[in-house]
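Residue numbers (the working numbering), protein chains in the order written: chain A, 2 to 212; chain B, 998 to 1201.
Note that these hints are calculated values from the structure, not bench results.
All C-beta atoms in this analysis are idealised placements derived from N, C-alpha and C, irrespective of residue type, glycine included.
None of the hints are false.
Here are some of the chain B residues that sit facing chain A, going by a computed Cβ distance under 10 angstroms: (1) THR1059; (2) ILE1062; (3) GLY1072; (4) VAL1163.
With the Cβ distance kept under 7 angstroms, some of the chain B side facing chain A (calculated, not the full set): (5) ARG1060; (6) GLU1063; (7) ASP1064; (8) LEU1066; (9) ALA1067; (10) ARG1073; (11) MET1162.
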Amino acid sequence: MTINSLHCICVYYQDWHRTRRPKPASEAGLLPAVSQAVSAAAAGDAAAAAHATASTFSSPRNTLQSTTGTVVAISNELPPPPPSTAGAGVGGLTSTGLAFDEEAKLVYGVVISLRNMVKKISGRDEQFTSYRTSAYRLHLFETLSGYKFVMLTDPRTENMRVQLRRIYEGPFLEFVVRNPLVKMDSREQGIDNENFRAALDRMVRGLPVYA
Amino acid sequence: MASNVKQYKAIGEELWKGRSEKINAELFALTYGALVVQLIQDYEDYDEVNKQLEKMGYNIGTRLIEDFLARSGMGRCSDFREVGEVIAKVGFKTFLNITPGVVHALPPSPTPNRQSNPTPSQPSFTLTLDENPLTEFVELPEDALEGGLWFSNVLCGVIRGALEMVQMQVQAEFVSDVLRGDESSEIRVKLVKYLEEEVPVGDD
Chain A
2 MTINSLHCIC VYYQDWHRTR RPKPASEAGL LPAVSQAVSA AAAGDAAAAA
52 HATASTFSSP RNTLQSTTGT VVAISNELPP PPPSTAGAGV GGLTSTGLAF
102 DEEAKLVYGV VISLRNMVKK ISGRDEQFTS YRTSAYRLHL FETLSGYKFV
152 MLTDPRTENM RVQLRRIYEG PFLEFVVRNP LVKMDSREQG IDNENFRAAL
202 DRMVRGLPVY A
Chain B
998 MASNVKQYKA IGEELWKGRS EKINAELFAL TYGALVVQLI QDYEDYDEVN
1048 KQLEKMGYNI GTRLIEDFLA RSGMGRCSDF REVGEVIAKV GFKTFLNITP
1098 GVVHALPPSP TPNRQSNPTP SQPSFTLTLD ENPLTEFVEL PEDALEGGLW
1148 FSNVLCGVIR GALEMVQMQV QAEFVSDVLR GDESSEIRVK LVKYLEEEVP
1198 VGDD
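Please take these sequences and the hints and turn them into a complete structure.
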């Protein structure tokens, strides 16, 4: 899942059952501290020292692949573009061919456009909550303060807004808002930190819909 | 409108009661007092101290709003009047257990381009603090009085920071302060403009 901030920048990413590895982002394409797994040069070299978070956290992003249908691909920023997802469902492990930051921008673009469209059609009170394709379902929870929590799941999952809201009220509030060391000014840095990642992980794994 | 007010009071009360982490009020007041004293010693200029307090409040406000939104689950306020009500009845109650009075001062005739018009026809409201937990044990010395220190200026910053995160740019400042010998402590919050949402920079 990804969390986007007020300034339209991806500040956090975590996944659980992704079928295809996201390609690492290009240099400077992504803020530091978004996610160990997809930052540039995350192939384990000294650049990782900049993050100072444990490198074991690249493991949630593991190779549990799904064969047809049990994908709970949770990505935040961008849903893998549908055509290639269909191909991956057959079991391939090829990467999408998009660098992560590109993916991130794509997802964000989709989300923003849909949201604006919904607002224009039906006025300020209605909110875009999720959409479903044959391969995945994207859930959006947006706060008044501009934070967008995006989650991609299996198409048969029911609406995750409640869970996303609980994530907001639980781990996010505890470990990001209340943590003075995490800069919430998203222009410079993402909000990856150990406690947050671990708490979020625990919470998601405890969800009934988690395969 | 009256039922809304009651609702807000009820929500505020509930949130205050439901908060698990409360701290000792005296500790809070003394800590804040020590902070202000330290700032005065460091800067030695009361205007600068005011600015710093406001800045600190701003940083607090940007995070506080998340806490507030998450716990109260309130939706968007329909107009600036409602913003004032919510801040006074729900916001202050939730965090400080006080309910300042609100007096609105809306422009006489709202016109369509009111928001982009920077003339004195900006909506504003004034919060009147009957009791201020920050100033429990405080008395200002002579030169602070002369220097123009607003002791609780951090509150202005909090309001500004919080509202900025929900796309409202406001100016919040103290109008009068009991510590300075005035009759009541009042904060005036004036709407400058509504902020537009940011659109990502296109990069092709």
